[in-house]
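Novice: These are the residues of each chain, in order.
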Amino acid sequence: MATGSARKGLLVATLSTLVVAALVAYTIGSSPAWPEVQKAFFDGRYFSTSLPKVAGAFFINVQLFVLAELLILPIGLLIALARSITAPALAPLRIFATIYVDFFRGVPSILIIYVLGFGVPALQIDGIPKEPFFWALVTLVLIYSAYVSEVYRAGIESIHPSQERAARALGLTRVQALRYVVVPQAMRRVIPPLLNDFIGLQKDTALVSILGVVETFKQAQILKAASFNFTPLMTTALIFLIITIPMTRLVDRLAAKDRNAQLGGTR
Amino acid sequence: MATAKRSARTLKVAPVLELKGMKKRYGGKLVLDGINLSLAEHEVVCLIGASGSGKSTLLRCADLLEPIDAGQISLEGERVAFEDRSADATRRRLGIVFQGFNLFPHLTVLENVALAPRVALGLIPAAAERRAKELLKSLGLAEKAREYPDRLSGGQQQRVAIARALATEPKVLLLDEITSALDPVLVAEVLETLRSLALSGMTMLIATHEMAFAADVADRICYLEDGRLIEEGTPEKIFGAPHDPRTKEFLRRVRAISAPGAKRRAGTRVKRTVRAKR
Ligand SMILES: Nc1ncnc2c1ncn2[C@@H]1O[C@H](COP(=O)(O)OP(=O)(O)O)[C@@H](O)[C@H]1O
Ligand SMILES: [Mg+2]
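Chains as they are written, first to last, in my numbering: chain A, 1 to 267; chain B, 1001 to 1278.
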């Protein structure tokens, strides 16, 4: 009975999806300018010539987001912990962390990249690197550490206070209670939203093209300018999708597992 | 039984735990209103009273988990307070078990028990583990050591919580209605654990609704109402001939709702002398 209705549901879903897709394809394909648009955006020749270059430049994006993620994981956690510290003596730390998070979450990423990426090297302070890659990395880490710290904080706050109290009752200090009891439990819950932020970060590596880093989007723009054809940009889009779609699915799976575990759990 | 008590007094041994004039406010509400209570070594005191009378608050404050608004707390004759820099160290000398177990779900049973010896006492991991294993064995939980808490029954979880509280070798164990979240069939095993702890000489302050158990195991019963200790005395006195009309009224209501089988059976009473011999 249940499998019967499930199969029927799948059939209806497949059929309706096919119908809609066919309608959309027909509408676009029969539009008067479609042949030109197709040539400008989806030209097979330009696709195959742009693919090696665009894919090669994507290696810069990979370097950027892998390095950024490795830095963001601990920095975001430290900021989250700084914000959850209640000791009066450490209030300045908490206030600083709060301002930091508010600022970097509140200002559009592209503005931060402009200001930090062009402004700080322009100060010409000795010892401050000038390489665009370095500043691209710094800005991405600063922006996404703010987001990720909020993810951590939500995770920490989702652990019931009775857990921390039980740890304190055993004679653990506040820091020990966080370290051994609260944070390890919060970690499990933050993995899906954390990966979500990382998907955003991976896409946003394209933004640092404005600093002159020749990553995949910049490379595609160069090819586009040389050929007056937009297909290289589509090639880049495809490469991003190849990376982000599996991650999105993984996030969905983990989130579903989390929900099931919480529904099935005894606590 | 009487001899043990008298000798403790004549030797002028400082009480293990002493609460003097303890007051606690939540918002404007006075939840504890001048609590005076002391526990001699090896003494088992049961705290009874209606829900909302302040039992949990009393235990939390005595465990230095919350600040108090007036009064003082002494542990082995030494004043201690929530605000002290040494409060964490003091908490290691006090054990508390909560109604809701509050085991750490991400750690195995063994890790739950070994955590405080390792992290708070600073034992090397092998020594902490050895201590945890011994405790689990003595509580009949040796074969559960590698399990995660959610695989255990409520009664087993609560016994793990007791083992965890004992792992820092506290001077006194505070227990907050530790059977009231359990199915009736699981209550007995936890109470049995407490009985053997009492026999082994553990000093305990037990908040409980289990009157038969309290009558059986306690050296002294304290009746709490609206944050005040109304009356205290031996189980014989409190359950047999309570003095204060409020105590009488509380016990009358408790007896009206509890089954007749909950009446105290004299034969099962833990004899003080047995414990004192240890
Ligand atoms: N954290 C708290 N904040 C405010 N009020 C509280 C808090 N804890 C307990 N109370 C109040 O204090 C009184 C005593 O509660 P409690 O100590 O839990 O009693 P018992 O354990 O005897 O049922 C109750 O009126 C309760 O509502
Ligand atoms: Mg209570």
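In short, the hints are calculated from the structure, not lab data.
Possibly wrong hints are sitting among the right ones.
[To be verified] One side only, chain B facing chain A, incomplete, derived with CB under 7 Å: (1) F1082; (2) D1088; (3) I1096; (4) H1106; (5) T1108; (6) A1116; (7) V1119; (8) G1122.
[Said to hold, decoys possible] Not close to chain B: a few residues of chain A, all C-beta gaps over 12 Å, as computed: (9) A25; (10) I28; (11) R94; (12) S109; (13) R165; (14) A167; (15) L170; (16) D252.
C-beta atoms are modelled at their ideal positions from N, C-alpha and C, and glycine is treated no differently.
Novice: Please flag the earlier hints that this structure goes against, numbers listed from lowest up.
Specialist: The structure conflicts with hints 1, 5, 8, 13, 14 and 15, although it agrees with all the remaining ones.
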